[in-house]
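J.: Assembling the complex is the task here: the two chains are given apart, and the hints tell you how they should meet.
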Amino acid sequence: MTSSTFALPASAAGALRHHPLVVRYAPIVTIVLALIAIWYVAAVMMNLSLVRGGFEREETPYTVSELIAGTMSAERPLLPAPHQVIAAFVDSVFGYAPTAPRSLVYHSTVTLSATLLGFVLGALFGIGLALMIVHSRVLEKSLLPWIICSQMVPILALAPIFIVVLGAIGLQGLLPKSIISAYLCFFPITIGMVKGFTAPDPMQLDLMRTWSATPRQVLAKLRWPAAVPYLFASLKVAITISLIGAIVAELPTGAEAGIGARLLAGSYYGQTIQIWAALLASAVLASGLIGLVDMTERVVGLQMGARP
Amino acid sequence: MNPRRRRLGFILAAAGVLSALFLPLSSEAVATLSAQPLLLALTLAAALLFAASAWTGGSRSIALGFAGVLCAAATTLVLLRDPGIGGSAAAGFWAMVLAVWLGAGLCVVELASQRPRGDGARRALNLAVPLLFGAVVFYLWEVLVRGFGVPPVLMPSPSAAAIRFVSSLPILGQDFVQTFVRGVLIGYIIGCGAGLLVAIVAQRFSFLGRGLLPLGNFFSALPLVGVAPIMVMWFGFDWPSKAAVVALVTFFPMLVNALAGLSASGHMERDLMRSYGADHRQTLMKLDLPAALPFIFNALKINATLALIGAIVAEFFGTPTQGIGFRISTEAGRMAIDMVWAEIALAAIAGMAFYGLVALAERATTFWHPSYRT
Chain A
21 MTSSTFALPA SAAGALRHHP LVVRYAPIVT IVLALIAIWY VAAVMMNLSL VRGGFEREET
81 PYTVSELIAG TMSAERPLLP APHQVIAAFV DSVFGYAPTA PRSLVYHSTV TLSATLLGFV
141 LGALFGIGLA LMIVHSRVLE KSLLPWIICS QMVPILALAP IFIVVLGAIG LQGLLPKSII
201 SAYLCFFPIT IGMVKGFTAP DPMQLDLMRT WSATPRQVLA KLRWPAAVPY LFASLKVAIT
261 ISLIGAIVAE LPTGAEAGIG ARLLAGSYYG QTIQIWAALL ASAVLASGLI GLVDMTERVV
321 GLQMGARP
Chain B
42 MNPRRRRLGF ILAAAGVLSA LFLPLSSEAV ATLSAQPLLL ALTLAAALLF AASAWTGGSR
102 SIALGFAGVL CAAATTLVLL RDPGIGGSAA AGFWAMVLAV WLGAGLCVVE LASQRPRGDG
162 ARRALNLAVP LLFGAVVFYL WEVLVRGFGV PPVLMPSPSA AAIRFVSSLP ILGQDFVQTF
222 VRGVLIGYII GCGAGLLVAI VAQRFSFLGR GLLPLGNFFS ALPLVGVAPI MVMWFGFDWP
282 SKAAVVALVT FFPMLVNALA GLSASGHMER DLMRSYGADH RQTLMKLDLP AALPFIFNAL
342 KINATLALIG AIVAEFFGTP TQGIGFRIST EAGRMAIDMV WAEIALAAIA GMAFYGLVAL
402 AERATTFWHP SYRT
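Note that the protein sequences, when read in sequence, are chains A and B.
Taking our numbering, the leading residue of the first sequence gets 21, the next gets one more, and so forth.
Taking our numbering, the leading residue of the second sequence gets 42, the next gets one more, and so forth.
If we strip away everything but chain B, and leave its shape as in the complex, we get (with noise of 0.2 Å):
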């Protein structure tokens, strides 16, 4: 980035962060900034770290920018607990949250155009450049809703949703047990178990996998979902009838993905299992399958995510009374939306978890792998 507007940019926020001493800061009555001298120090300071950090350049002016964003983001937080601040903030406040989205913005720029030498180091930059940038996107968040007083009912706070999911981590434990321990879990594992089985056993039958391709290709692009009703009827409403929705979803992609593995060893490899007089058996427990973990862990990511949709869908079809969907449904329909965050955080940090887990497994598994080297 060109350095003169960065520097521009840096001042601007410096001048952000001071007017907020001039401007109101409310439209109500409340104590000014320079009433309050922790307050007033943090925000001279920020004004000062972007200051320093618009006459320097390099690794140094990211530091001191970072150092002024955290002075003036921590200062409009303490601001918020304020009640005539919350709700009814102005022109003073805003300018200060503007001078840290424009500091907090110029610092993920200028880090993203850092080209780091060593290995670590540049891991340690890809992790922290969308981390920021998250991390901005949250403050943002946090400050636009209560800055502007938006009424919980529509969209809670991070933070409302962060202590709800803290003071009731019982009632989110019961329903990871219930959805993911039991529903998704289970299901995920018959699902793929039994594509794998029938990719292996059609593989052994050519006419099998040719007349199996086609319709696995058709059903994976199904709306496979909808059957949950179909199976709640079957299976009654605790997590039986889950675990077969997950199933079914995770059959196909499974089935398709293991028979496209299992058929990528190249004819070279075969003849030379041939030449060992390698029966059947050996070939695929030597050759196909490892030449075709690729493929199926491919498949298992791919299910990792569908099966947890498929578990809360099927739970709006009727539960007993736990797990992720059901409190999703009941408590937007009670409008409890801080709670609705929380279980979609519980859910979102369960997909992730697992897909993490997948990844990890195929890390290990898959070492030899082109796309693994470096």
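So here's chain A without its partners, still in its complex pose (with noise of 0.2 Å):
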């Protein structure tokens, strides 16, 4: 900021001060450069003590700056340093063969399957018991409490039953996970719909009505453009949760590949630099599905007419 504001005239730094842009993403810039320079401090701090043990154990002498030096390129430190994980992120996406299993890449395909798999069943069925509650009365006052309710217990602590349960039956693999998954994610998406489908006025079915629609109609034409905003607010909840379900099941089960079981391999063998590497992938995944599903409703809304 200084050496532009001295390179350009007084009235341009202050244009590009107010630029678009610079307003908008100089906060996000600044914070995460803060991040950063605190989280090397705090490597720093919480490696020393490992570092100094280190050098006095072998008995050589050391200066404060090769100690500091230590602290960032420890092989198992406490908190490894920004640049270690990505370098370490780095290697292990594209050091290896996508296939080996030291390659980050095969983890997260295996996670992302079973997302992907977990996510697209639970919005099927998300979505097919909000079509049945809005169409039943009885559904709506017997079902609807109880979808609820399941939203206040911790399901995810059901992951391991249900692993063991599904494996007991001969299924194993990719279906369990994705079950997990689909299991986390419908209830957003059922709520969400729920509300969505209701969310035409009495004045529109009424409308509908003197049309002589029928209930397919009425839905074809009324409810379900309606719901769609209601839709891609509860999938991009939805399929986060669903990540977060596959990377849970993956841990109680001793599961060998997948980013739930990197991260159980680091914390069994004290690799933490590979622990930071595997949370950051899953990071990665994490906003680049939420961007897919971003994307896919800026086509749909364009589709539908909405303006841009």
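Incorrect hints may have been included.
Negatives, chain B to chain A, calculated, CB over 12 Å [unchecked claim]:
| no. | residue |
| --- | --- |
| 1 | 199 |
| 2 | 203 |
| 3 | 369 |
Under the rule of at most 30 Å between Cα atoms (straight-line distance), these lysine-lysine pairs were calculated in the DSBU-like manner [what the hints assert, rightly or not]:
| no. | chain 1 | residue 1 | chain 2 | residue 2 |
| --- | --- | --- | --- | --- |
| 4 | A | 215 | B | 342 |
| 5 | B | 342 | A | 256 |
| 6 | B | 342 | B | 327 |
| 7 | A | 256 | A | 215 |
| 8 | A | 241 | A | 215 |
| 9 | A | 256 | A | 241 |
Note that these hints are calculated values from the structure, not bench results.
All C-beta atoms in this analysis are idealised placements derived from N, C-alpha and C, irrespective of residue type, glycine included.
T.: Here it is as structure tokens:
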């Protein structure tokens, strides 16, 4: 900022400061940079005693700069420095063939396939359930309260049982994990879609009745288009939950592949850098998936004639 | 519902109950219903009640049908105690179960279509319908598991899980204290408190707020429970690591919601505060925080569930030998599924009670909000 102030005339600097891009992104960039700085300081402070202990055990004399350099390059640090995490991430993404068990791409695809299958199953089930609830007063009165109640229950706790039960009847691998994902992510979709299907106001429903529209026509021409914004809002929530479900489903079962298995293995063997790299991979996956839903929403919106 | 269809349904239910007298109850040789006077009386009563409810209408029909359902359900449950029936039930038994299902279904449908006038009656009805529905689901679960003799390793009956729940109350109490009181509550208070404080600071300095809002949105969409192994490494196996995970998981939803809530007060109110000469602290305490309460409670409710999930998942990575998550993973490994279900029931009760308390606090403090006006 300061250098540009020197280089530009005062008015240009002012214009730059009020440029929409700067107004929007300057705070974010500043805070991200501050967080990275804090991370470095924390890494130095947390790993200090570890590195000092190492030097003293080997009885080599050391300087402060050597000590700090040591905290940045320890093999099993308490808190790895950001560049170590990124190096490990890049190395395990590009350093191995995508099918090698050390490649993060391999583990990510395992988790991603469970996530996506679970998401599709959950979305279909959730929408179907919402359709039934909207069309039946009995179901609305009897089933909906239970669905809302189950939101308050830590459903993730069911994950290990599901894996054990499904394993006992011969289901293993991808499907049990995606069933957990589906089970976790159909709730927000059902709730959102019930809201969406009931979003048209009575006037519009009355209009459909004056045209003597069948329930199916009311659904296709009025309820469904009205529910689309709700659909995408709940899909965005659901896809992250689905990813969390897939990762957690890999934890208690000793799965061999997947981001959750990577986390578990890292925690067993104290490979902190590996854990952080796996976390970074899950963050990349999560933001990619949300971005995908976001993009679909925009495309569908344009198709349906929404003004950009 | 069409009265003719309802009548047909109840007649079918009565016929189903009666057919249990003639069809074989089990594939093994067992005493028939007519040989057991009490059960015979219950069966006949159920059939009579169903028939009576077929020929009456309105709320009397529901009451009669419900009494019939109770009689028939009691008969099937008593029958299941006979070791010759559990696991090898046959047509007669299932005819009775189907009759119970049909009768209960008709009662629920009829009950849901009632439109009582009074406010209290409507509230009671809104409670009774889902409760009845849940009772039917539990009954079917119990009867199916025991009637077909599903091995308890796969799926225990609800009664087995309930017996296990009652008989291992001390262990469950320990787990509850370890996971909920220590891990969840402490982490929840730290996480939500920190989120609220940061939001208040960020509202004071808008530069910070504009940077934190998108970042907070981004972070609250990440699978943050994944940090559990790191926290276990940093804070050890005991509850501090669980509290740390819970604090981290609950921080971002609170930050995002509180930031949105703190800017919810309108220009008019702000101008009014300025015309009173209120300083920043007074505006915060008297205007911004009260206006943000609905948003803050929204975050508190989201976090109530997230916190329990975070603590249970963190326990999968290592615990002292107690805690809900620890018990679930070890008992699932030992195939003691009834204990796992008892723990899940504990987690469910704790989660609902926690959520309910937060919701009650919300009612008490945001009674002025339009969503509560009737």
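J.: Now tell me, hint by hint, if it's right for this structure.
T.: Hints versus structure:
The claim that residue 199(B) lies off the interface holds: its Cβ sits roughly 14 Å from the closest Cβ of chain A, which is beyond the 12 Å cut-off. Remark: the non-interface label on residue 203(B) is consistent with the geometry, its nearest Cβ contact in chain A lying 17 Å away (cut-off 12 Å). With a minimum CB-CB distance of about 6 Å to chain A, residue 369(B) fails to clear the 12 Å threshold, and the non-interface call is violated. Of the pairs offered as hints, the one joining residue 215(A) and residue 342(B) holds, with about 19 Å between alpha carbons and a cut-off of 30 Å not exceeded.
Between residue 342(B) and residue 256(A) the CA atoms are separated by roughly 19 Å; this keeps the pair inside 30 Å, and the hint holds. Taking the CA atoms of residue 342(B) and residue 327(B), the gap is about 23 Å. The hint holds against a cut of 30 Å. Distance hint between residue 256(A) and residue 215(A) is fulfilled; the C-alpha atoms sit about 16 Å from each other, no more than 30 Å. Restraint check for residue 241(A) and residue 215(A): satisfied, since their Cα atoms lie roughly 17 Å apart, inside the 30 Å limit.
With a C-alpha separation of about 24 Å, the suggested pairing of residue 256(A) with residue 241(A) holds against the 30 Å cut-off.
In summary, the structure is inconsistent with hint 3 from the numbered list given earlier, while agreeing with all the others.
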